[in-house]
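Student: Residue numbers (my numbering), protein chains in the order written: chain A, 1 to 241; chain B, 1001 to 1473; chain C, 2001 to 2256.
Just so you know, the hints here were simulated from the structure itself, not pulled from any lab data.
Treat the numbers as computed from the prediction; the structure is a model and nothing was measured.
Heads up, the beta-carbon is just placed ideally off N, CA and C, and yes, glycines get one too.
Just so you know, not all the hints are guaranteed correct.
[As the list claims (entries may be wrong)] Straight line, CA to CA, 30 Å or less: simulated DSBU-like cross-link-like pairs of lysine-lysine: (1) C:Lys2166 - B:Lys1356; (2) B:Lys1026 - C:Lys2191; (3) B:Lys1280 - A:Lys89; (4) B:Lys1468 - C:Lys2011; (5) B:Lys1356 - C:Lys2191; (6) C:Lys2171 - B:Lys1029; (7) C:Lys2118 - C:Lys2166; (8) B:Lys1468 - C:Lys2118; (9) C:Lys2166 - C:Lys2011; (10) A:Lys89 - B:Lys1200; (11) C:Lys2191 - B:Lys1011; (12) B:Lys1029 - B:Lys1160; (13) B:Lys1029 - C:Lys2118; (14) B:Lys1147 - C:Lys2063; (15) C:Lys2048 - B:Lys1468.
[What the hints assert, rightly or not] Here's a subset of chain A near chain B, in silico, CB distances under 8 Å, partners left out: (16) Ala16; (17) Pro86; (18) Phe94; (19) Asp189.
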Amino acid sequence: MADDSRADILGRLRQAVPRQSAEHAPHRMFRTWQAPGATDLQGRFVERLEAARGTVEKVASLADVPAAVARYLAGQNLPARITVAPELKPRLDFAGGAVTVDDALPVEDGRAVLTGCIAAVAETGTFVAASGPGRDPRLNYLAETLIVVVGAGQIVEAYEEIWNRLRVRTGKEAPRLVSFITGPSRTADIEQTIEWGAHGPRRLHVLISDETPRPDGGRRFPRIPPGATPGCRAPAAARPP
Amino acid sequence: MEVESGAFVEKARAALGDATLQHALKHIKHGFVEARATAAARLPDFEAMRDAARDVKAHTIAHLADYLEQFEANVTALGGRVHWARDAGEARAIVLAICRNAGARTVTKSKSMVTEEIELNPYLEEHGIEPIETDLGEYIIQLRREKPSHIIAPVIHLSKDQVADTFHEHHPKYGFHERLTVRSDMVREARSILRQRFVKADVGITGANFLVAETGSAVVVTNEGNADLTASLPDTHIVVTGIEKLVPTLEDCHLMLRLLPRSATGQDITAYISFFTGPKRAADLSGPSSFHVVLLDNGRSNMMGTEFEEMLRCIRCGACLNHCPVYANIGGHAYGSVYPGPMGAVLTPSLAGIDKTGHLPNASSFCGRCEEVCPVRIPLPRMMRHWREREFERHLTPRGARWGLHAWALIAASPTVYRAMQWTASRVLRLVAWRGWIRRLPLAGSAWTSQRDMRAPSGDSFQRQWRKRGGRR
Amino acid sequence: MPPVEKPSKPKAEAALFVTCLVDLMRPEVGFAAASLIEAAGFDVVVPKWQTCCGQPNYNSGDKRAARSMAERTIEVLEPYAHVVVPSGSCAGMIKLHYPTLFDEADALFGKARALADKTEELTVFLARHGYTPSVPLRATRVAYHDSCSGLRELGIRDQPRALLRKLPGLKLLELAEPEVCCGFGGTFCVKYPDISGRMAANKTADIAATGADTVAMGDVGCLLNIEGKLRRDGSDIRACHVAELLAGTLETRHGS
Chain A
1 MADDSRADIL
11 GRLRQAVPRQ
21 SAEHAPHRMF
31 RTWQAPGATD
41 LQGRFVERLE
51 AARGTVEKVA
61 SLADVPAAVA
71 RYLAGQNLPA
81 RITVAPELKP
91 RLDFAGGAVT
101 VDDALPVEDG
111 RAVLTGCIAA
121 VAETGTFVAA
131 SGPGRDPRLN
141 YLAETLIVVV
151 GAGQIVEAYE
161 EIWNRLRVRT
171 GKEAPRLVSF
181 ITGPSRTADI
191 EQTIEWGAHG
201 PRRLHVLISD
211 ETPRPDGGRR
221 FPRIPPGATP
231 GCRAPAAARP
241 P
Chain B
1001 MEVESGAFVE
1011 KARAALGDAT
1021 LQHALKHIKH
1031 GFVEARATAA
1041 ARLPDFEAMR
1051 DAARDVKAHT
1061 IAHLADYLEQ
1071 FEANVTALGG
1081 RVHWARDAGE
1091 ARAIVLAICR
1101 NAGARTVTKS
1111 KSMVTEEIEL
1121 NPYLEEHGIE
1131 PIETDLGEYI
1141 IQLRREKPSH
1151 IIAPVIHLSK
1161 DQVADTFHEH
1171 HPKYGFHERL
1181 TVRSDMVREA
1191 RSILRQRFVK
1201 ADVGITGANF
1211 LVAETGSAVV
1221 VTNEGNADLT
1231 ASLPDTHIVV
1241 TGIEKLVPTL
1251 EDCHLMLRLL
1261 PRSATGQDIT
1271 AYISFFTGPK
1281 RAADLSGPSS
1291 FHVVLLDNGR
1301 SNMMGTEFEE
1311 MLRCIRCGAC
1321 LNHCPVYANI
1331 GGHAYGSVYP
1341 GPMGAVLTPS
1351 LAGIDKTGHL
1361 PNASSFCGRC
1371 EEVCPVRIPL
1381 PRMMRHWRER
1391 EFERHLTPRG
1401 ARWGLHAWAL
1411 IAASPTVYRA
1421 MQWTASRVLR
1431 LVAWRGWIRR
1441 LPLAGSAWTS
1451 QRDMRAPSGD
1461 SFQRQWRKRG
1471 GRR
Chain C
2001 MPPVEKPSKP
2011 KAEAALFVTC
2021 LVDLMRPEVG
2031 FAAASLIEAA
2041 GFDVVVPKWQ
2051 TCCGQPNYNS
2061 GDKRAARSMA
2071 ERTIEVLEPY
2081 AHVVVPSGSC
2091 AGMIKLHYPT
2101 LFDEADALFG
2111 KARALADKTE
2121 ELTVFLARHG
2131 YTPSVPLRAT
2141 RVAYHDSCSG
2151 LRELGIRDQP
2161 RALLRKLPGL
2171 KLLELAEPEV
2181 CCGFGGTFCV
2191 KYPDISGRMA
2201 ANKTADIAAT
2211 GADTVAMGDV
2221 GCLLNIEGKL
2231 RRDGSDIRAC
2241 HVAELLAGTL
2251 ETRHGS
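Could you put the whole structure together from the sequences, leaning on the hints where they help?
Tutor: Encoded structure:
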């Protein structure tokens, strides 16, 4: 039955003479910022993130992160407990500080998580989480308070650059999950009025660190000039005529 | 696909008289229409992006079979499975088999119009599996046993008080006994209940906003993050979606993703956009070990090569609903289809047959605003007109209207008859008028005067007066 | 008044396609349009074999009848260099939809295209020919209602407003939601009277909120709907076709 369905569907699609057709045009980078040629990626990232109800603090290095976390939790009147994402844990020293590091998956109400990201996008104030060795992206959605460490050098201009970068890193196979996250979780289902913390974080706080928390980070991703075609295309053999 | 469009007129009338619904629908203007306009104005190339998006989708649809095969090959190569469903029944059976294979008792779901289309929830329930909707709006209508009234805002027809009553009725079994009155408290209570369901679910079912052929990715857009929890916590992830959701490349997908939230809610981006590609890899710390994509046809392939083919470009943003003056006044339930408004008026007859859905393409004043805001420039009014043509050809148009159209065509074919008609009509209208105005007309005219007066003509027809005055002809 | 022949200076000829609604329901709009075309420097001809453009049948799915009505209209209007229509929706029918009714191989396709090219909606025609109205007018607060077909099919937005602004003493007011349909929609208003009536009520409320004493528009369909709704609700706001304001014939019509 399954094979019949497949053959039927594909057969019907192939039998029909399509009424519309268009060349598969090379991808164009449109101006998505009102000020074209803007170069202050960090400024744009912060502005858009704040517009999406995120908050931002700058720190000089990873060594400053534990103290910044403690300050933020205290400032929000939150318990001084946090789950630290596995990829960040070996790089941060919470010993002797005010904050207790938690190990369990933060499924109950009210838990805080400190996590990293694979990159951030200035276009919309977005950070990018992905699955992969040593990473657990579930933490991003379970936390009620989410603190994200973004390296200043991890901020790229547009979404497309993420994929260029990921392909290089993973030998062209996309990770199981790549998630573009912008601001806290929200819902406007009841009377089109926004409420925060629908399922994921109620608060999203970003620590922009001059030092990048990833061993292979720090390098700027290649930027795509407007009008250019990015480098990732489907393999020729798999593309339709 | 179950449709109840026959009672459209009665349901629309009831909707117009429903004060709570009318109040709820007022949120569309500020929540969607103004927000979209602002978001579009902020993007300097918005119109050019719409052209590009139209072309990407047109290209994809023209080569859909090839892109579907490419998508399937990529999913399979990563250890996932693609299933093909000709109709709703096949799709439901596939999902049930996967759930049974996983030994599932409860299934979490993130909002999916395709699972509404195939009526998956009642089917799973009948077979002993509990589906749990996790999008707040879908959760509310699941509790109320209703259908969504909007493709992106399922409970736009409800007031806060109605939601409060619904929670108060259903939440005591979770230990919540108080009737809440503050919106944020309601959200918190639902979150707390649904969190437990997320953790215990055996299977997660999501839809897909896009499928990326070159990577085999299913892309899901939410603001709540519920699709991510649905897809990340259970050991099995099932994506149920339509065959038309393909785009060739990741870059094409980002073009679409820049248009979708702006067109839908006026957001530059939703809080969550996730690309799900295959099952958990060996070195991953979490994620489902089993990944399935169910590709549903259910009438879509029959649209290929017809005048309705361009409808396959639709990305379900809901902008046409939000900008439709008919939808804005009656809401979604009157349409009797899970796809209401202009996109539903074109799509529903394609999926369920025009004989059962005659009102849908007719309930439009052809104002054209839907086409004006469609991010992929689907000529919705033109396609509604094509449905009216199919109805006319098949003698489905109501007899009175057919007769009237034939008569008018005959009258217009002969200037002599036309002039006689105009002369008679003018005389009659002036005769029945009182001080130049008519308050009540019989027959077809009663539909006019049920709502408004009619000013009678001031004198004989223009052409007659022009001739009498010796104007050039 | 119909123009008087002036043999001394031969003028270009413009055909007035008056539309069946104007013809029957609002002959005064036809005369206002004729006098404006005349004032713009053209001789007005009203081709005597004209009837209906076929839009009601076209929009109701009766494509065959629509095609034969189009065929007639194409023939009737063929001899003229300019065709002017005091309606956005009928002009849209001729300009946009006629060519789609015929196969490209059909000789009528070329003729439909030719007609589409030379057909103009009244305010577009007046604006293009630099017509400046100069009628005396009592101080009037006028709201302009955009008809959907004119606005979206033909892009008519600025032309009527620019013409109205030239009228001395006229204050032009904008609706809060100028892009929303008034609920006429051809046969829609009798097929779905309840929905149409609500749309009309929303529109008249928007008009009233501007504080206007007059609402002007470019389509007699919208006009019948809006003036009928205003009247039913007891409003004393008067509704008129733009041509009546521009030609200065409104005051006599209302006898004030």
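Student: Next, verify each hint and record whether it holds.
Tutor: Status of the hints after comparison with the structure:
1. C:Lys2166 - B:Lys1356: 53 Å, violated
2. B:Lys1026 - C:Lys2191: Holds: Lys1026 of chain B and Lys2191 of chain C sit about 25 Å apart, inside 30 Å.
3. B:Lys1280 - A:Lys89: Since the Cα atoms of Lys1280 of chain B and Lys89 of chain A sit roughly 22 Å apart, the hinted pair holds (cutoff 30 Å).
4. B:Lys1468 - C:Lys2011: Within the cut-off at roughly 23 Å; holds.
5. B:Lys1356 - C:Lys2191: Measuring from Cα to Cα gives roughly 18 Å; hence the hint holds.
6. C:Lys2171 - B:Lys1029: 28 Å, holds
7. C:Lys2118 - C:Lys2166: 26 Å, holds
8. B:Lys1468 - C:Lys2118: 28 Å, holds
9. C:Lys2166 - C:Lys2011: It holds: about 25 Å lies between the C-alpha atoms, which stays within 30 Å.
10. A:Lys89 - B:Lys1200: 28 Å, holds
11. C:Lys2191 - B:Lys1011: Holds, because 15 Å separates the two Cα atoms, which is no more than 30 Å.
12. B:Lys1029 - B:Lys1160: Distance of about 18 Å is within 30 Å: holds.
13. B:Lys1029 - C:Lys2118: This hinted pair is violated, its Cα atoms lying about 39 Å apart.
14. B:Lys1147 - C:Lys2063: 36 Å, violated
15. C:Lys2048 - B:Lys1468: Given that 30 Å is the threshold and the Cα spacing comes to 12 Å, the pair holds.
16. Ala16: 3 Å, holds
17. Pro86: Holds - the Cβ of Pro86 of chain A comes within 8 Å of chain B, reaching about 7 Å at its closest.
18. Phe94: Status violated, d = 20 Å.
19. Asp189: 4 Å, holds
The earlier numbered hints that this structure contradicts are 1, 13, 14, 18.
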